Every structure is written in structure tokens, then in C-alpha cells.
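S.K.: For reference, the chains in residue letters:
There are 2 protein chains.
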Amino acid sequence: MSTRPTEQEFIRDEFDSVLRGRFFYAPSFDIYGGVSGLYDYGPALCSLQANVVDAWKKHFILEEDMLEVDCTALTPAEVLKTSGHVDKFSDWMCKDPQTGEIFRADHLVEEVLEARLKGDKEARGIAHLSLEEENEDKKKRKKKVKEIKAIKLEDHVVTEIEEILAKIDNYGGKELGEIIEKYQITNPATNGKLEPPCEFNLMFETQIGPSGNLKGYLRPETAQGHFLNFNKLLDCNNSRMPFASASIGKSFRNEISPRAGLLRVREFLMAEIEHYVDPDNKKHHRFDEVADVVITALPKNVQEQGSTQTQQISIGEAVKIGMIENETLGYFIGRIALFMKRIGINEKRMRFRQHMGNEMAHYASDCWDCELHTSYGWIECVGCADRSAYDLSVHSARTGEKLVVRENLETPVTVEAWEVDIDKKKFGPKFRKDAGKVTKFLESKTQCELESLSKELANGEIVATIDGAEFHIDNSLVKIAKVKRTEHIREYTPNVIEPSFGVGRCLYALLEHSFWTRPEDTGRKVLSFLPTIAPTKVLVVPLSSNSQFVPLTKSLTRQLRSAGISAKVDDSSATIGRRYARNDEMGTPFGLTIDFQTISDNTITLRDRDSTLQKRGAIPDVIQSLLAMTNGATWEEATTKLANFESQEIEQ
Amino acid sequence: MSTRPTEQEFIRDEFDSVLRGRFFYAPSFDIYGGVSGLYDYGPALCSLQANVVDAWKKHFILEEDMLEVDCTALTPAEVLKTSGHVDKFSDWMCKDPQTGEIFRADHLVEEVLEARLKGDKEARGIAHLSLEEENEDKKKRKKKVKEIKAIKLEDHVVTEIEEILAKIDNYGGKELGEIIEKYQITNPATNGKLEPPCEFNLMFETQIGPSGNLKGYLRPETAQGHFLNFNKLLDCNNSRMPFASASIGKSFRNEISPRAGLLRVREFLMAEIEHYVDPDNKKHHRFDEVADVVITALPKNVQEQGSTQTQQISIGEAVKIGMIENETLGYFIGRIALFMKRIGINEKRMRFRQHMGNEMAHYASDCWDCELHTSYGWIECVGCADRSAYDLSVHSARTGEKLVVRENLETPVTVEAWEVDIDKKKFGPKFRKDAGKVTKFLESKTQCELESLSKELANGEIVATIDGAEFHIDNSLVKIAKVKRTEHIREYTPNVIEPSFGVGRCLYALLEHSFWTRPEDTGRKVLSFLPTIAPTKVLVVPLSSNSQFVPLTKSLTRQLRSAGISAKVDDSSATIGRRYARNDEMGTPFGLTIDFQTISDNTITLRDRDSTLQKRGAIPDVIQSLLAMTNGATWEEATTKLANFESQEIEQ
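If you're matching them up, the sequences are chains B and P in order. The numbers in the working numbering rise by one with no breaks, and the one at position 100 of the first sequence is 100. The numbers in the working numbering rise by one with no breaks, and the one at position 543 of the second sequence is 543.
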């Protein structure tokens, strides 16, 4: 029973002052001036995080018997070179050579162009906020653009800019450089000209061991650890497919200039699933369970036309019409939507946005982001990517270790294929030190290439150019022929569907979605966490510091603890009303008041945070009600045995 | 009911082959050849870890309302410079200039001297193992010393070496260098002479942000994050003392040459508590609860005499006689002992060893290690240190931020103290740019120093030498006088008692302590985890792949899940006996067999892993028994309602 007003204005300063005042979080190394992009979680947010992670484990790992792994963050460079991260895991940055300041190119373009559009609206008299307010707001939000000027743009420029903003995630360094040039985007503080965008790798580098010979990085995702253990995981699953591995752990990204509070951080908790699936069969046996889940979708073709118009569509329909590529991808998108609902995310502020072509990570063949709406705009909180066979293939090729599934075929198949048969006895003496190279040349050929090589061979010899040198291979050295073979085993590299959660971002969105102000008293803030997720379930409040209440308070908290209900006591001298107000800011859903009547008849008052309604009953009955509500029952369902109780909340 | 034979020989190869075969763990980046000191946890160890961490949270955080924090691993250099880690957190290493090999000096000395003692025993005819076996063993354990030679040593040399080994943790680089010189310790593989020991800092270094201006380290402990948030934590606790913060997270140490498997790793999970206490009152209000806990203690004076003789002593007695310095330190040592028992550590293989003077970390004033015995010897698994006011003081001094407790005094006290009164109006013009320096010089003086300065001033002037320059200060510029003042508030820097758990080491010891071989069949290995801690509680085994069992299996696992009992199904075609044998290696305490009788009367067989006893009953009764046992009840207590069941376990 929530009394959250639907259209209340969200004021980030007030929100932030509750979160920091109650030590949900704080900038790390605060007394040293802090480091941007690093934050510490205090007790309440630790507990919220533990409950959300616990819900995640139940919803995903336990529900589907996923195999959990816990791999190291320290990763040797070679692994991340193979996975493509050393070369491609980077953002574009622009340096101001005058001041030495460094900007993330896409964010700067976005911010400057958005500011110009706002200035244009103001000039046309259709701005929402007054410029003064807006400029004030910019300063508080630590935006680079500190002032918006009311300058009217030409109509076609407005259209161009709107298109650029819709496609901003689709641009590489070259395009960003062109936009910066064309729209004369400069350092907003000094108007200084910027250097063209250059790539900055987002991984933290370090040295492993004392010799300085082993370069390493902190992992930017947990995924690689799963992939490298694929054979062991498959073995754990008795070689059965499909199956999934899961991991919850910290990852690290050296963001260029993080300025969005808890949303853009350099060290963060990820919860990642790698679901391994037969590339020829991406059906999912539990797809039915999510087919009717309706999501808000923003597919790529809409964005590529420069629009952000969403549509409501069921998972079943989206897969049917090909908007979502396959059942397994659809299944996980549906499961993500259900999870978000389970932890208390406002569904109206959730959408699934498909990546555009250029935007996709280097390993992905399709990707949908679960975006949650916050005061910073729409934020990617979960990525759901089809990584195809990319990772398993590249690691296998690099190490020579097969990362494949072998399936017994019920009916053996006859396969016809071109095969190379090298006469090794002659090959060595003929090519000497290059024998290996020439062998590799022949063995790495595709079927089509082998077919044409067989023709060259029939016509006399193959002339191979390898590393600039020429080699002559005739049919005394090698045979290339089409061979028929009966195969009893099918061997394939699985595809990987990856739902990847940024836990901290989900938590932040949850905090914003849960925050409101009591309309009757704007000084009173509330965080309406669901009872299943709330950091603490119950606040125990003895009416006064009277010593008669001490044993009652102890006995009550002991009973709550043994029922598994986490409780805190506030026996400070503040009024009941003030203690409850403090408690509302912590998001504790229930309050229990011990008063003089409790001493005589063992009854207590139960208070609901959102409605401030109160009911009274015997302690065991109240504990039963609490148990039901912390397991998901509503106030109405759980409190039928309790009597209504009227009392005014005294504020001071 | 365990049938673990008490004196069974532990064979590490067999143990390791079960752990790796069942993917409890694997070397990280295995298919790339691995990186020493980095390991991944597979599903079973992840689950064991989660259960142990959960037990830890209940035993410490929940039980005592500790305040949890989650701080970043990335730490700017300045913080760790202040804490002393940049200068002092290092080990001594020796390089072989010929081969480039690097050895950890203390470990090398220990290993070489231990090998010489063994060789001496063999020469005297009192060796336990034959040298061949021992040498074989060294190779397997990846020891640096590959061969032990039967060479008799002089009696006084044996005594000297025994003393050195007892005090090995007490030596610095200079002493290690002298020992290496005196006993001619060389590279065991090549006999090459080593360079003298030099210090190697154990922290991983990196750069934060794109500019390269902010050097950072990965934290070597979680503690600093707690300390920097002290004021916020105190505020969360309504300014009440004493209280504790707690944190569970990864820390990183760049070990020189880790060779002890899961025991010496470069990235590891820590669970740390920082308990803040009044330095004038280190009593603990729950000390009574642990006073009777008996521990095996090895105090520092015994070790300093070159002995490792332990004694059994109660916590109460140890504090009373001053062996343990104060109640709070004693309380936590007792709580640690109780926790170890709770998770299934063999108490006979647990001791508390006090650090010797030189061995202590730079921040500690007293420290006791909880050591667990493993096949690698006695291993430090938990440190319990009194960090005094060290950390809070140094961070406060560096940042100018007070990290103190302020207490209202019930009766105000009169304090008499020397005070400096600087005439700032004159000070500036007189000393100009050095005014700040001179002010700091005066304000940083102790009471004694102020007293003597006051005399100098009375005699004419103070002549201060600061940074090589001389400054003359007379009594027109400054007054120094003894002042009486009434104080209503007491301000103090708390002391910190820190129990710090290496979770991975506790897990490894638990694995070794739980491992045994069925005496009747040496091929059958068992991991006897307590039901409360075991990764999976129940294995469900349908008798055969008969399709009649499928719905029963599904319904049973659903019932188990809704009762909160984690279960796995093994419906492979192996015999029941073989499936149970597999299961014993996973440490699953209970098995449920579904057979044809189940179809007709809804009864199932319940099997106990350790005793292989079986009982039979109706499904709801069996689930009740399981619930009781996973909450701590014994087999005898929990299965009274079930009937005995005789069946031979068929092995093949």
C-alpha cells in the first residue's frame, strides 16, 4: 500500500542529501578530497545491495541451476589481447592542449548540442525551464556546460542536431571529430580549441609478480573468466547443453571523466550470466513462461531513423516478428523485466533499447539494453547480448585448447569434405625450417580454397606465397581430395547469450524510483523499498527511555531475530514521530512501538511506512504479519488479525 | 554422526585430484598456462564460500549490529602513503643475478634449513620418511629444494637452526641476509650465489584516470576504507561507543613467488571487522559469554625462547594473567574460536599464536593469529590485532580532519595545560613567508617542550632552527603560559581491535579438515561438510531412468526448494552406489532415493553421507528431518520418525 504521488517533482539535491546524510553512500577517500568515479557504500546501501544480489541469485542462479564461478579480477594481458579488449575496449577523448583538460568526446558533443537546443527553445519562447534555473541546475550537476545562451538556430540545424543526438552512441572517433569541427565545439569553460578525438583504453594496467615481466589488467567484465573455464563447466553439467554459468564480482573501468555520481564509476559490482546454446537451436524450453510479458521496446531501426519512439510489445510477439532475434535472447529479456519488477523498479520507467550497428561491442552480434529512467536520463543498467561464438573461438584459436561441445548423433551422418594429406617424411627435408609454416598454410584453408588448390595441384603444383617467400608444392608432397566419412559425433562451438547486470546502476535507479516526499509535509522524505528488499525490515521504538521498556525491547528484538526479520532499535530521546521520520528516510517498511500498554497486555503497535497506518495486536500475531509481508504479502492481506489503531504522528 | 577416522594419513595428491576433478577450483587462465597465485572457484566452492560468508555475517555482523561498509579496492597512493603501506608493506626478496630467479628470502631460508635438518635426521638414522619418498614429495609440492641429502650436522648447528626456524617470522632483511651468508644458502637449483635481500612492496600499482597524474594501488586490506569513513560510521551509530564496522571484499597482494596453492594467493576475499573502543576502557560487555572458551595458545615469550610449545587456556584466564592484553581482544579471540567450530574446523588443528615484537605489522601494538593446521603446516587464517589509535591518528594528522569521539562529561573536569598564544598581527610582518612555518613549529610542541620553551622565553627569546634557518622569537610575539580550563567534553581517538579473516584460507583448511577416505574402500573419498555449511544439502537420485520417476523427481525437488533446502538431481545412468560416491566427493550430506515403492506409497530413502546409514519415511517426514539437520540437529535427533532401512551400496 503505497501513497507515492505519481507526478511529484524529483529534486536531486534533496534526494542526495538524504542518501549522504544517512550514509547510504559517500565519495571514497572523502577526507582526502575524494577521487571521481569512486564511491563507498554505507550500511544501508550494503544491506540493500545484499538483498538485491540475493534476489538475483534466487531469480537466476537457483531457479535455473546455473553454475556459479568466482574468477580473479587480475588478468594477464595476453587473455585480454585475445578477447579484443586491449585493442578495442576504449572511449574517445579530446584534450584541450592549453589547459590539459581531458573530455570524453561523445559526452561533450551531447552536452554542448543539448545546451544549444535548449538555448534555441528559449530564444523561440518554448523553453520549459527559465534559463536562470537551468544554469543553476547545470552548476549543481557538475556539467561542463555552465551556461545556456538563448540563441535561435536555423530550422535545418535543429533537425540535424536532433538526429545527431538520437544516434550519438553510433559514432566512432572520426565522426565525432567531424561533428566537433562542423559545430565548432570547444572547451566550454575557456572556449579553447580541442585536439581531435583519440582512443583511450579503459582498462587499469598493472604488473603481476616481482619481475616486471608480466603485464596485467583489472578485468573490465567478469565474462572472460567464465569462457576460459568452459570445458570444466560443461563437465560439471555432465556434458549436457544448454546451460549457464553465473558470476557476481567487481569489475573495473578507467572512465575518462566520470561525473554522474553512482551511475558512472570506475569500480563496480557486476552480475553476469553466460548462457551457452546450440547455434542451430536457440529455442528455450521455458520460453512460454515469459511469452506474455509485455516490454517497452526501442528497436534499432527506429533509432537509425533518428527517433526514440518506443512501443509496447510482448516478448512472444517480438520474437515472432523477428524484432528480437531468437527465443533464448527473448527469454532472458523477459526474465530481466520480471526481475526488475521483483526488486521494485517502476516499470513505467524501464525500456529495452536495441543497440545500433556501430554501437555494438566488438564481440556482440545483437544486443538489447535494459534502460532505467533516472534524473540523468535513460541509463543502461543491464546489457543482454548475443556474443555468438566469438569469445570461445578466439581463446580456442589462441591457446589450441578446444572449447567445444561434442554430441553423439542419434543417426550418424555422412560428411563429404576436402582434406589435405601431407607426406611429412618428404615435407621436412624439402622445406626445412619453413615446413611448419607451409603445413599451417595448407591446414588453415577453407573448403572452397582447398577445392581450388586441388585443381592447381592437378595442373602441376601449388605456388604458395607465405610471408613474402614463394614455395612450390607438388603432388609428391601432398594430396588434396574430397573424402566421404561417417560421423557419429557432432562437434560445435556454442553461442553465448549474456545478460550482464550493473548492480550499482540498478540500485541507483531503485533509489530514485523509491524516493518521494510526503505531500502534507515537504520536510519528510520517504524511501519506499519493498519489504522483501528493504535493508532493515523493522524499527523497534520504545515510547520513552523508561527502564521498564528495556527488557521488553530486548525480548522483542530476540523474537524478531529468531524469526529471521532484521530489526533495529531506536531508543534515542527523540519523539516517536521524529524517530519514524528518520526511519522513513532509511526506507524501513515497518515500525513497532512499545508503550505502557505493552507492559500490561503484551500488545504492540505496527506502523506501515508508506501509508503511516497503524494496527495493534499481540506480539506473536504482529510477528506473523511481519513474516508474511517480508515474504511478499500486502498490508491488507497480512494484517487481518490485527485491530485498527488511531494515533497522530507527533513530529517534534 | 561422522565416521571420519581420526588418524588417517592425508595424501595431498588424492585430495587435490578430488578438488580439481569436481571443479572446486582451478588455476586461473589455465588454458593460457595459468598465473601463479591466481585461482578461480568453481560452483561447489562458490557455494561453500557463500555459506561460510553467510555464517560469518550472522555470527559477527548481525549478532552485534556491526555497520557494514563496501569500499573501493582502488586507492590513491596518498592514502596508503599515510597509512604506512607504501613504505612498509613489503617482503624481503633475493635475486639470483645469474638466472634472474627471485626468491622470497624468509621462505627460502626456512625451506633450505628444514631440508638440512631432515638430512641430518636421516644421517643419524632417525628420519621418519625415507629420503626417496621425501624427495618425491618435494617435487610434487613444487618446493624449491628438490633433493634432501643425508648429511649429519654438528649438534650445536642443529640447535641453532631449530632456534632460527622458531623465530623465522621475527627477522628483517638484515638478519635474513646474515643467515643466508652464515649458512651459505644459495639458489637450490643451480647453487648460484644470491644477492642480499632487498625489499619488495607487495601492492599492485596502477594509474587512475586518463592523465597519468594519479597513482593508485589495489588495497592490500579493506581496513583503510573503514577508517576514512569513521566519522560517518560514528554518526550512523548515534555517536555511541563502542561499535564496529565490517566489510567483506577482495584485497590484493603481489606475492613474490606464491607456491602454496589456495593458501598464498594474489587476490583474495577478506572479511574484516574494525571494533572502535575507548583506549581507557577496553572491557567488553559480552566478555562473560566467551570467558570459558578454551583455546590452544602459543604466546610470544614462548616463541622468543625458541619453542613452539602450546598450552590450553580459557579466554578468561588468559586475560586475567595478562597473556591477552585486554577483554575486547580476548572477546574477539573467543568469538573467532566459536566461529571456526560453527563452520566445521577441527578444533584440535586450531591454535592462537601471538606475534613476536619484530613480526608485528607496522600499525599493530599486539596481534594474535588464529592458525589452522594443514598439510602445509600451521597457516595464519585470521589475524586479531590491536591497531591502537595508529590509523585514525595518521589519517587525521595528514588531512586535518578530526577522527575522534566526543563524550559529554557527567562531571566537568578542570584541566591545566601549557598553551601558546601567538600575536598574529606582529607575527606576519616579522616572519613574512615563514610565518606559517614558525607557527607550526610552536603549535606542534608537546607539553614538556612548551614548559622548557616558556623558560627560554622568560630568559629573553626562543631561538628556533627550522629547515636549517634560525628564527628569533621573543615575548612580544608570543606568550606561553600554564592555563586552567574547565572541560565539559572529553575528546579522544578510539583504539581499534581488528579481527581480519582470510576467507580463502579458512575455506582451504576446512576442505582439508573435512577430507577423508572410506577405510573399507580407498577409492572412495568423502568431504564431510556440516549440513549447515555444505554447498548442496541433498542429492536426489531416481533409481533408474524409468519415465515414471520423472514427475516424482520434479515434485520432490519443488518441495525441497520451497522448504529452502538446496538440492541437485543426478538422473544419470550410473548405479546408485556410483552416484552416491560422486556425491560424497562433492560433500553433499544427504541423499534421497526415489524407487518403485515411492510410486505406490510416497515414501523415500534418506541416506547419511558420513555413516552411509539409511532410513525410510513419507516424503513430508523426510523433509522435516532434512530441515532439522540443515539447521544443526544431529541424525539421531532428526530421524526418530523414520524407519531403519537396510540396503547394500552397490559400487559399480
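Some clues are possibly wrong.
Copies of the same chain look alike in the list, so a pair counts if it works inside one copy or between any two.
[What the hints assert, rightly or not] List time: in silico DSSO-like cross-link candidates among lysine-lysine, alpha-carbon distance up to 30 Å:
no.	residue 1	residue 2
1	K433	K58
2	K88	K641
3	K250	K479
4	K402	K121
5	K57	K568
6	K95	K193
7	K440	K402
8	K554	K250
9	K81	K193
10	K568	K341
11	K641	K348
FYI, nobody ran anything at the bench for these hints, they're computed from the structure. Owing to the predicted nature of the structure, the values given are computational and were not obtained by experimental measurement.
S.K.: Each of the hints needs a verdict: does it hold here or not?
M.R.: Checked hints:
no.: 1; hint: K433 - K58; result: neither (58 Å within a copy, 65 Å between copies)
no.: 2; hint: K88 - K641; result: neither (62 Å within a copy, 64 Å between copies)
no.: 3; hint: K250 - K479; result: neither (53 Å within a copy, 57 Å between copies)
no.: 4; hint: K402 - K121; result: neither (59 Å within a copy, 49 Å between copies)
no.: 5; hint: K57 - K568; result: both (26 Å within a copy, 16 Å between copies)
no.: 6; hint: K95 - K193; result: within (9 Å within a copy, 51 Å between copies)
no.: 7; hint: K440 - K402; result: within (17 Å within a copy, 68 Å between copies)
no.: 8; hint: K554 - K250; result: neither (38 Å within a copy, 35 Å between copies)
no.: 9; hint: K81 - K193; result: neither (34 Å within a copy, 38 Å between copies)
no.: 10; hint: K568 - K341; result: both (27 Å within a copy, 28 Å between copies)
no.: 11; hint: K641 - K348; result: neither (34 Å within a copy, 52 Å between copies)
Against the hints set out earlier in the document, violations occur for numbers 1, 2, 3, 4, 8, 9, 11.
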